[in-house]
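2 protein chains.
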Amino acid sequence: MSEYQPPIADIAFALEHVVGYPDIATLPGYEHADLDTVVELLEQCGEFMAEIVAPLNRQGDIQGSHLKPDGTVLTPDGFKDAYQQYVDAGWGSVPLPEEYGGGGFPRAVGLAIQEMFNSANLAFSLCPLLTQGAIDALLHYGDDKMKNRYLPKMVSGEWTGTMNLTEPQAGSDVGALTTKAVKNEDGSYAITGQKIFITYGDHDMAEQIVHLVLARTPGAPEGTRGISCFIVPKYLVNDDESLGERNNVETVSLEHKMGIHASPTCVLSYENATGYLIGEENKGMRIMFVMMNAARLGVGAQGLAVAERAYQQSLEYAQQRQQGLAIGATGATSAIIEFPDVRRMLMTQRASIAALRYLMLLDASYVDISTHDPDPAVRARADEIVGILTPICKSFGTDMGNELTSLALQIQGGMGFIEETGAAQHVRDVRIAAIYEGTNGIQAADLVGRKLGVRGGASILEFIATMREVETDLANAGADFDGIREELERQFSELERATHWMLKTGQGDPNSLLAGSTPYLRMWGLCTSAWLLARAAVAAAKTDDASLADNQLVLARFYAQQILPQSGSLLGAATAGATDLFALDAHSLSGAARKVRN
Amino acid sequence: MSEYQPPIADIAFALEHVVGYPDIATLPGYEHADLDTVVELLEQCGEFMAEIVAPLNRQGDIQGSHLKPDGTVLTPDGFKDAYQQYVDAGWGSVPLPEEYGGGGFPRAVGLAIQEMFNSANLAFSLCPLLTQGAIDALLHYGDDKMKNRYLPKMVSGEWTGTMNLTEPQAGSDVGALTTKAVKNEDGSYAITGQKIFITYGDHDMAEQIVHLVLARTPGAPEGTRGISCFIVPKYLVNDDESLGERNNVETVSLEHKMGIHASPTCVLSYENATGYLIGEENKGMRIMFVMMNAARLGVGAQGLAVAERAYQQSLEYAQQRQQGLAIGATGATSAIIEFPDVRRMLMTQRASIAALRYLMLLDASYVDISTHDPDPAVRARADEIVGILTPICKSFGTDMGNELTSLALQIQGGMGFIEETGAAQHVRDVRIAAIYEGTNGIQAADLVGRKLGVRGGASILEFIATMREVETDLANAGADFDGIREELERQFSELERATHWMLKTGQGDPNSLLAGSTPYLRMWGLCTSAWLLARAAVAAAKTDDASLADNQLVLARFYAQQILPQSGSLLGAATAGATDLFALDAHSLSGAARKVRN
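Which chain is which? The protein sequence lines are A and B, in order.
For the first sequence, the UniProt record's numbering assigns the number 1 to the initial residue and increments by one for each residue that follows.
For the second sequence, the UniProt record's numbering assigns the number 1 to the initial residue and increments by one for each residue that follows.
If you're looking for bench data, these hints aren't it; they were derived computationally from the structure.
Among the hints, a few may not be true.
Partial list, computed: chain B residues near chain A (C-beta under 8 angstroms) [stated by the list, open to error]: (1) 257; (2) 419; (3) 546; (4) 549; (5) 551; (6) 576; (7) 584.
Pulled from the structure, derived: some chain B residues nowhere near chain A, Cβ distances all over 12 angstroms [as the list claims (entries may be wrong)]: (8) 71; (9) 372; (10) 384; (11) 471; (12) 542.
All C-beta atoms, glycine included, are put in the ideal place defined by N, C-alpha and C.
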């Protein structure tokens, strides 16, 4: 029941036919990463995830990570060994720079690996995810000495990384943090403060943990303009690169969470810990954004990935579970997959997951173009598109992760609510993804606050125009595609209406912009999903695989006709403004007067 | 944080102004239950739920119920004592017949009590809910001796009841059950078989448990036509009504569930246990439906109730949590309630919960009319409406329960994902409600399969016409109500279109009917919600409470403009037919080929 089948065929189709991977593989630096090579690599990686990592998922949930009396953290049985195998195989380093021992593969390939890793074991995969965020920060802003000291072992996975942003009073408002950093005579800093929600803040899977810590130097400006970023290794590193004495960072406690039990979420206390400034003082926020932006796409992929794992389980259950007799069926009983409403739940998952995969891989592909295309104009445009797509991937991907895992549980009925079957774990695990790395509401604010106004709105409108090119492709593809085209035309027009309203309103009334941000982002999620499914259907029709063509056509049509219309229904909410949201005061929002008749 | 405030003001307003309770209180038999009396009773009951029951909710989740080595079930600390207080106060008996010691209050009052009970402690409240189902069955089909023996102590709560339907191979398909009942010489039956998912199948809160067990007599017809219903008491009852020897029913194990940990979900083994036939052999299904139908509305109320509790917590958090500075705000920080997207989440909860409360109380009120109106024609029509509303209450109420508790968690960010705050418990607890007492898919099948065709569709179309009377009320209420009226007109028309399609299709193509059943039911949930909010706004405008009128107008407008449009967007899914749902075979539904390049 808990087995995981890596969806290699789906990923390969997406790379080849939907997100234009063959073009990515021609970019300078990616020549070694042709599609055949990549698919073979993904097959091997999928094998590893299915055989080694996935079987630890359920036990990891039951056992959880624990803080031992000696202050160290014990991960669940099998995690340490599996992590060592992961390091030995080098899976974490595939998309990282060759200069530091990585494979130099495109981000799109890294994303496909992340998907399978997250499906196999979300709680386990968080350790490398955070490590990669720390690597990204060091690659961008570290000096050569730092890079040479830390990156090779972080790229290999021998050392892991963390991101230390949150404090009790400083969650979404990072600028409110109070951890102090006082410069020592040798140029290092003494870091003192308490950080919460630190994923894999301590564990027993690697010899060294490299904490990236946001803190404030004395006299630094208030808010986000006074934040600096430091490397604080768990063990100081000697000049000969061997590990030296233990740094002054302690694990105070682990959180008891709804899900991802195997991932130790630490409260860390820094008491004059030795830290090293990355970049310049007071420039920590931009480093944080480098870490966060890479992580945001990865978190979106978590929504996709856990949904895929849950879907596989629900599909298997639906084929095996015999219950009643379907209409027109003969025999004693039918598998519940023969009932239309169960089919609806399966098709909703199947089509939505395919769309999410296309969406995540497309965003990753634009990351690759934005970093590797020789033409600066192409790079700049790709970077704009990454800016638009990333909050959509994160928010819509994780919202759908919640909805789809819940559908998968629903198919399994009472058994789905019993922990032994694993369906509930997927629901519990994925719930955090809509919260961390910037809540989904903050993603929506990012979309309308930062991305919408790029080039006075031209950037986002051009992207809608790019999407609308599929209308011509659909018109040329034959009558079977007409229904899809008509619905897409209607919904793209509504998205344009919402966008124009946002652009007009945004100038003078930011609260109304924010009021509509979440429904507006969901419109984007639905429209990009339908767009990419349509693109996949058109592409599949051009292959010589009739079955593939049929399947992609059905998925695109089902989504366009039965799911996409939800997008236009959000226009009212997206463009209603803030008035009604603020019309009730806190007292009126609460209907909870205990007595009414005195 | 976990405190619960009974929403007495909201309930009182709903009873008085939205669901027509003053008329219910004039029905023969309900004369003692005038509104003032009822509100005072609800205030006292709310006090009990808030002070005695609600504080046990979190600890009950942590501790859970346990099967002891001696085979008995231990409930969490405090449950037994609180249950005794509940029995002493007589809260369970309020809506039950006076003949057996009940209060003889309307079902609408019982529903309001259930709401508060479910909010206070869902896992705890299941014990009386199941007892009430068993009482209903006995009231309808028990003989006088049975009624006199069992009902007084079940009505008082001294004895509790269970419903034993499910077996491993017989979940939604009750007809597949195999538990055997062989007649003894004394007229009793020997019951042998295993039942699963038996809520409070054993516990330590009452001296006696009255199991209602579905089983098959030798030679009974296959399927649902061969099912009989038996009373199987945990302890045999002596002729002097004292408890005698232990019956042969054993608790094999308890399930480990995603939520409602305090509720013992038992696997029960019957081994020649002594049972007593209720009614006639092979007539068990109609008894089951009596039990289930009462329970289905109660389960719908669980969705409402847990959402209310979660909402209260999220509202309090949103007022206290300081983070960043809202647009236009002064000072150092703002409470997050000042941010538009947080407001959207609060308003979505507030308006949806108000609508669900109206919906549940309305259904309960029609139950009262269907049983107590002197006019048989009025009773019959009310019964039809109960038939329509009950699957909507159950499915839409519990789907919204899932969605709204998740919104409440989201507002609390990372803290919401930490178990200590209790937000996660609400999400975990309410998840089962969409599954038990007939999955939400089965409710949708009931709506389109059994209720839609009543009087050739006239019944359901008349109910839409009844709803549409609000359009005139809105037109008469002034220009402030125009926007609500216009959207309602649009959406009622779409609901009528879907209904006509269903009626036309249903004759020859039941699979297509079932294919659209879930989106069609959701259209109903959204439309009835918007209708009742509009009705509430019109009614509030006629009171002399300007603040109430303003608030109800805002809620109705917010829902109509920002949530209701989702209804029409489901028309495509409701009327698409079954073809695309069945277009992919199981192989194509799975994209999980491990290798593609060999």
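In ascending order, which of the hints set out earlier in this document are inconsistent with the structure?
Numbers 3 and 4, in rising order.
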